[in-house]
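Peer 1: Just so we're aligned, residue 12 is where the sequence shown starts under my numbering, counting upward by one.
Just so you know, the hints here were simulated from the structure itself, not pulled from any lab data.
Some clues are possibly wrong.
Simulated crosslink set (DSS-like; lysine-lysine; CA at most 25 Å straight-line) [what the hints assert, rightly or not]: (1) LYS285 to LYS156; (2) LYS220 to LYS156; (3) LYS220 to LYS285.
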Amino acid sequence: MMSSFKRVEAYRVPVCVAVGIWVLWRIVDVFWLSVEPEPVQVPADLSILNSTAPRSSSITTTELESLTLFAASEDSASIEASTAQSAFENLRETSLQITLSAVAASADPDLSAAVIGVNGEQRVYHVGDTLPIRGAVSISEIFDKTVVISNNGARERLSLDDDDYEGISAVASSTDPAITAGLSVDSPQVSNFIVFQPVLNGLSLESIKIAPGPDSRLFQLLELQAGDEVVSFGGRAIAQLTNPREIEQLISTQDEFSFVIRRGSETRTIEFDKRLLARLSQ
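Using the sequences plus the hints, can you model the full thing?
Peer 2: So this is what it looks like as C-alpha coordinates:
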(Lines of atoms letter the chains of each structure in order from A and count residues from 1; the text may use other names and numbers.)
(Lines give C-alpha, C1' and ligand atoms only; values in the text may rest on other atoms or scores of the structure.)
Protein backbone atom coordinates (compact mmCIF):
# COMPACT_ATOMS: atom_id res chain seq x y z
CA MET A 1 0.00 0.00 0.00
CA MET A 2 2.81 2.38 0.87
CA SER A 3 4.57 1.67 -2.44
CA SER A 4 1.37 2.43 -4.44
CA PHE A 5 0.95 5.76 -2.63
CA LYS A 6 4.53 6.72 -3.42
CA ARG A 7 3.98 5.82 -7.10
CA VAL A 8 0.94 8.11 -7.25
CA GLU A 9 2.88 10.90 -5.56
CA ALA A 10 5.60 10.52 -8.21
CA TYR A 11 3.09 11.18 -11.09
CA ARG A 12 1.11 13.93 -9.37
CA VAL A 13 3.54 16.80 -9.99
CA PRO A 14 3.97 16.23 -13.81
CA VAL A 15 0.22 15.80 -14.24
CA CYS A 16 -0.50 19.02 -12.37
CA VAL A 17 2.05 20.92 -14.49
CA ALA A 18 0.50 19.59 -17.73
CA VAL A 19 -3.03 20.49 -16.61
CA GLY A 20 -1.87 23.97 -15.59
CA ILE A 21 -0.27 24.60 -18.99
CA TRP A 22 -3.43 23.47 -20.84
CA VAL A 23 -5.65 25.70 -18.69
CA LEU A 24 -3.33 28.68 -19.29
CA TRP A 25 -3.35 28.10 -23.09
CA ARG A 26 -7.17 28.01 -23.15
CA ILE A 27 -7.38 31.23 -21.16
CA VAL A 28 -5.02 33.02 -23.61
CA ASP A 29 -6.97 31.67 -26.61
CA VAL A 30 -10.28 32.94 -25.22
CA PHE A 31 -8.70 36.34 -24.54
CA TRP A 32 -7.50 36.85 -28.14
CA LEU A 33 -10.88 35.80 -29.53
CA SER A 34 -12.53 38.58 -27.54
CA VAL A 35 -10.16 41.26 -28.88
CA GLU A 36 -11.23 42.78 -32.31
CA PRO A 37 -8.20 43.42 -34.54
CA GLU A 38 -7.69 46.95 -35.86
CA PRO A 39 -7.90 47.42 -39.65
CA VAL A 40 -4.62 47.75 -41.51
CA GLN A 41 -4.13 51.27 -42.86
CA VAL A 42 -2.79 51.39 -46.43
CA PRO A 43 -0.68 54.47 -47.20
CA ALA A 44 -2.30 56.82 -49.74
CA ASP A 45 0.71 56.70 -52.06
CA LEU A 46 0.85 52.90 -52.12
CA SER A 47 -0.24 51.40 -55.45
CA ILE A 48 -1.94 48.00 -55.20
CA LEU A 49 -1.47 45.91 -58.33
CA ASN A 50 -3.83 43.22 -59.62
CA SER A 51 -6.59 44.21 -57.21
CA THR A 52 -9.98 42.66 -57.91
CA ALA A 53 -13.18 44.72 -57.67
CA PRO A 54 -16.21 43.20 -55.93
CA ARG A 55 -18.63 41.39 -58.21
CA SER A 56 -21.33 43.90 -57.35
CA SER A 57 -19.34 46.79 -58.89
CA SER A 58 -19.56 47.53 -62.62
CA ILE A 59 -17.94 49.89 -65.13
CA THR A 60 -20.29 51.62 -67.53
CA THR A 61 -19.62 52.08 -71.24
CA THR A 62 -19.37 55.83 -70.67
CA GLU A 63 -16.64 55.30 -68.07
CA LEU A 64 -14.74 53.01 -70.42
CA GLU A 65 -14.95 55.54 -73.24
CA SER A 66 -13.61 58.25 -70.92
CA LEU A 67 -10.44 56.29 -70.17
CA THR A 68 -7.37 57.32 -72.15
CA LEU A 69 -5.79 53.96 -72.88
CA PHE A 70 -3.34 55.18 -75.49
CA ALA A 71 -1.69 58.54 -76.08
CA ALA A 72 -3.15 60.50 -78.96
CA SER A 73 -1.03 60.43 -82.09
CA GLU A 74 0.48 63.73 -83.20
CA ASP A 75 -0.56 63.06 -86.78
CA SER A 76 -4.13 61.96 -85.94
CA ALA A 77 -5.45 64.54 -88.38
CA SER A 78 -3.45 63.03 -91.25
CA ILE A 79 -4.64 59.55 -90.25
CA GLU A 80 -8.27 60.71 -90.32
CA ALA A 81 -7.74 62.34 -93.72
CA SER A 82 -6.14 59.18 -95.08
CA THR A 83 -9.00 57.06 -93.75
CA ALA A 84 -11.58 59.36 -95.32
CA GLN A 85 -9.74 59.30 -98.66
CA SER A 86 -9.61 55.49 -98.65
CA ALA A 87 -13.34 55.43 -97.93
CA PHE A 88 -14.35 57.42 -101.01
CA GLU A 89 -11.71 55.85 -103.29
CA ASN A 90 -13.50 52.53 -102.88
CA LEU A 91 -16.77 54.03 -104.10
CA ARG A 92 -17.77 53.64 -107.73
CA GLU A 93 -17.90 56.66 -110.01
CA THR A 94 -21.45 57.82 -110.52
CA SER A 95 -23.10 57.25 -113.90
CA LEU A 96 -25.40 60.23 -113.47
CA GLN A 97 -25.19 62.88 -116.19
CA ILE A 98 -23.65 65.51 -113.93
CA THR A 99 -20.20 67.13 -113.92
CA LEU A 100 -17.96 68.43 -111.15
CA SER A 101 -16.39 71.72 -112.24
CA ALA A 102 -14.80 73.01 -109.03
CA VAL A 103 -14.32 72.09 -105.39
CA ALA A 104 -13.83 74.23 -102.29
CA ALA A 105 -13.00 71.71 -99.56
CA SER A 106 -12.56 72.57 -95.89
CA ALA A 107 -12.10 70.65 -92.64
CA ASP A 108 -15.38 72.26 -91.62
CA PRO A 109 -18.16 70.73 -93.77
CA ASP A 110 -20.19 73.93 -93.45
CA LEU A 111 -17.44 75.81 -95.33
CA SER A 112 -17.11 73.24 -98.13
CA ALA A 113 -18.77 73.74 -101.51
CA ALA A 114 -18.76 72.20 -104.98
CA VAL A 115 -19.64 73.61 -108.39
CA ILE A 116 -21.67 70.94 -110.19
CA GLY A 117 -23.16 71.09 -113.65
CA VAL A 118 -26.70 69.70 -113.92
CA ASN A 119 -28.53 69.93 -117.25
CA GLY A 120 -25.92 72.41 -118.47
CA GLU A 121 -26.33 74.77 -115.50
CA GLN A 122 -23.42 75.38 -113.12
CA ARG A 123 -24.45 75.87 -109.51
CA VAL A 124 -22.84 75.81 -106.06
CA TYR A 125 -23.86 72.98 -103.77
CA HIS A 126 -23.08 72.30 -100.12
CA VAL A 127 -23.20 69.20 -97.94
CA GLY A 128 -26.84 68.15 -97.57
CA ASP A 129 -28.06 69.94 -100.71
CA THR A 130 -30.27 68.01 -103.14
CA LEU A 131 -29.48 67.98 -106.86
CA PRO A 132 -32.34 68.95 -109.23
CA ILE A 133 -32.47 65.61 -111.04
CA ARG A 134 -34.78 62.62 -111.00
CA GLY A 135 -34.61 60.55 -107.83
CA ALA A 136 -33.21 61.35 -104.41
CA VAL A 137 -29.67 62.60 -105.07
CA SER A 138 -27.89 64.74 -102.49
CA ILE A 139 -24.39 65.84 -101.46
CA SER A 140 -22.97 63.70 -98.64
CA GLU A 141 -19.32 64.82 -98.37
CA ILE A 142 -16.91 67.14 -100.15
CA PHE A 143 -13.20 66.29 -100.46
CA ASP A 144 -10.30 67.55 -102.56
CA LYS A 145 -11.20 66.83 -106.20
CA THR A 146 -14.04 64.50 -105.18
CA VAL A 147 -17.63 64.80 -104.01
CA VAL A 148 -19.49 61.89 -102.41
CA ILE A 149 -23.17 61.81 -103.32
CA SER A 150 -26.11 59.77 -102.10
CA ASN A 151 -27.89 58.35 -105.15
CA ASN A 152 -31.18 56.96 -103.85
CA GLY A 153 -29.37 55.71 -100.76
CA ALA A 154 -26.26 54.39 -102.55
CA ARG A 155 -22.96 56.20 -101.93
CA GLU A 156 -21.17 57.17 -105.15
CA ARG A 157 -18.38 59.56 -106.02
CA LEU A 158 -18.19 62.42 -108.49
CA SER A 159 -14.65 63.44 -109.40
CA LEU A 160 -12.81 66.09 -111.36
CA ASP A 161 -11.41 64.67 -114.58
CA ASP A 162 -7.66 64.71 -113.94
CA ASP A 163 -6.90 61.65 -111.77
CA ASP A 164 -3.15 62.31 -111.79
CA TYR A 165 -3.33 65.44 -109.67
CA GLU A 166 -1.39 65.00 -106.43
CA GLY A 167 -3.20 67.63 -104.39
CA ILE A 168 -2.04 70.16 -101.85
CA SER A 169 1.09 69.22 -99.92
CA ALA A 170 1.94 72.27 -97.80
CA VAL A 171 0.45 75.41 -96.30
CA ALA A 172 2.67 78.36 -95.45
CA SER A 173 2.33 80.52 -92.36
CA SER A 174 2.17 84.29 -92.58
CA THR A 175 3.10 87.30 -90.48
CA ASP A 176 1.89 90.88 -90.78
CA PRO A 177 1.93 91.41 -94.55
CA ALA A 178 2.29 94.37 -96.84
CA ILE A 179 0.33 94.47 -100.09
CA THR A 180 1.97 95.51 -103.37
CA ALA A 181 0.70 95.90 -106.93
CA GLY A 182 -1.17 93.11 -108.69
CA LEU A 183 0.42 90.44 -110.87
CA SER A 184 0.07 90.50 -114.63
CA VAL A 185 -1.25 87.08 -115.69
CA ASP A 186 -0.82 86.18 -119.36
CA SER A 187 -3.95 84.05 -119.58
CA PRO A 188 -6.81 86.46 -120.33
CA GLN A 189 -9.33 83.96 -118.99
CA VAL A 190 -7.77 83.82 -115.53
CA SER A 191 -7.15 87.55 -115.22
CA ASN A 192 -10.74 88.20 -116.24
CA PHE A 193 -11.95 86.40 -113.10
CA ILE A 194 -9.18 86.74 -110.50
CA VAL A 195 -6.64 89.44 -109.66
CA PHE A 196 -3.62 88.08 -107.76
CA GLN A 197 -1.75 90.43 -105.42
CA PRO A 198 1.55 89.31 -103.81
CA VAL A 199 1.80 89.73 -100.03
CA LEU A 200 5.30 90.52 -98.78
CA ASN A 201 6.86 90.56 -95.34
CA GLY A 202 9.96 92.63 -95.93
CA LEU A 203 11.61 90.98 -98.95
CA SER A 204 9.99 87.59 -98.30
CA LEU A 205 6.95 86.49 -100.25
CA GLU A 206 4.40 85.22 -97.71
CA SER A 207 1.21 84.71 -99.69
CA ILE A 208 -1.02 86.11 -102.39
CA LYS A 209 -4.20 88.04 -101.84
CA ILE A 210 -6.96 87.72 -104.39
CA ALA A 211 -9.67 90.05 -105.61
CA PRO A 212 -12.41 89.60 -108.20
CA GLY A 213 -11.61 90.53 -111.77
CA PRO A 214 -13.99 92.28 -114.16
CA ASP A 215 -16.17 89.14 -114.12
CA SER A 216 -17.03 88.27 -110.51
CA ARG A 217 -19.01 85.10 -111.24
CA LEU A 218 -16.11 82.78 -110.33
CA PHE A 219 -15.83 84.49 -106.96
CA GLN A 220 -19.55 83.98 -106.42
CA LEU A 221 -19.45 80.32 -107.49
CA LEU A 222 -16.51 79.45 -105.25
CA GLU A 223 -17.76 81.73 -102.46
CA LEU A 224 -14.47 83.62 -102.38
CA GLN A 225 -13.99 87.05 -100.86
CA ALA A 226 -11.70 89.91 -101.76
CA GLY A 227 -8.70 89.71 -99.45
CA ASP A 228 -8.64 85.91 -99.19
CA GLU A 229 -5.02 84.72 -99.08
CA VAL A 230 -3.56 82.00 -101.29
CA VAL A 231 -0.94 80.26 -99.17
CA SER A 232 -0.35 77.24 -101.41
CA PHE A 233 -0.59 76.86 -105.16
CA GLY A 234 -0.35 73.62 -107.14
CA GLY A 235 0.97 71.75 -104.14
CA ARG A 236 3.72 74.30 -103.42
CA ALA A 237 3.69 76.67 -100.48
CA ILE A 238 3.75 80.27 -101.65
CA ALA A 239 6.53 81.03 -99.15
CA GLN A 240 8.73 78.50 -100.98
CA LEU A 241 8.49 80.40 -104.26
CA THR A 242 11.24 82.91 -104.87
CA ASN A 243 9.46 85.89 -106.42
CA PRO A 244 6.18 87.11 -107.94
CA ARG A 245 7.44 86.37 -111.45
CA GLU A 246 7.65 82.64 -110.62
CA ILE A 247 4.07 82.71 -109.37
CA GLU A 248 2.96 84.58 -112.48
CA GLN A 249 4.56 81.89 -114.64
CA LEU A 250 2.86 79.12 -112.66
CA ILE A 251 -0.55 80.74 -113.02
CA SER A 252 -0.20 81.43 -116.73
CA THR A 253 0.85 77.86 -117.60
CA GLN A 254 -1.76 75.93 -115.62
CA ASP A 255 -4.75 74.21 -117.14
CA GLU A 256 -5.93 73.17 -113.70
CA PHE A 257 -5.87 75.37 -110.64
CA SER A 258 -5.61 74.11 -107.09
CA PHE A 259 -4.74 76.33 -104.17
CA VAL A 260 -5.28 76.68 -100.44
CA ILE A 261 -7.19 79.78 -99.38
CA ARG A 262 -6.89 81.21 -95.89
CA ARG A 263 -9.54 83.47 -94.41
CA GLY A 264 -8.84 84.31 -90.79
CA SER A 265 -8.18 81.01 -89.02
CA GLU A 266 -10.01 78.91 -91.63
CA THR A 267 -8.45 77.30 -94.71
CA ARG A 268 -10.13 75.88 -97.81
CA THR A 269 -8.80 73.97 -100.79
CA ILE A 270 -10.04 75.43 -104.10
CA GLU A 271 -9.86 73.39 -107.31
CA PHE A 272 -11.11 74.11 -110.82
CA ASP A 273 -9.86 74.04 -114.41
CA LYS A 274 -9.95 76.28 -117.47
CA ARG A 275 -13.03 74.52 -118.78
CA LEU A 276 -15.02 76.19 -116.01
CA LEU A 277 -13.58 79.55 -117.03
CA ALA A 278 -14.50 78.80 -120.64
CA ARG A 279 -18.09 78.02 -119.67
CA LEU A 280 -18.33 81.23 -117.68
CA SER A 281 -16.90 83.17 -120.63
CA GLN A 282 -19.59 81.97 -123.01
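Peer 1: Assess, step by step, whether the Cα of LYS285 is no farther than 25 Å from the Cα of LYS156, and give holds or violated.
Peer 2: At roughly 15 Å apart (the allowed maximum being 25 Å), LYS156 and LYS285 satisfy the hint.
Peer 1: Does LYS285 lie within 25 Å of LYS220 when you go C-alpha to C-alpha?
Peer 2: 20 Å, holds
Peer 1: Given the proposed pairing of LYS220 with LYS156, does the C-alpha separation stay at or below 25 Å?
Peer 2: Holds. LYS220 to LYS156 sits at ~23 Å (cutoff 25 Å).
Of the hints listed earlier, there is not a single one the structure fails to meet.
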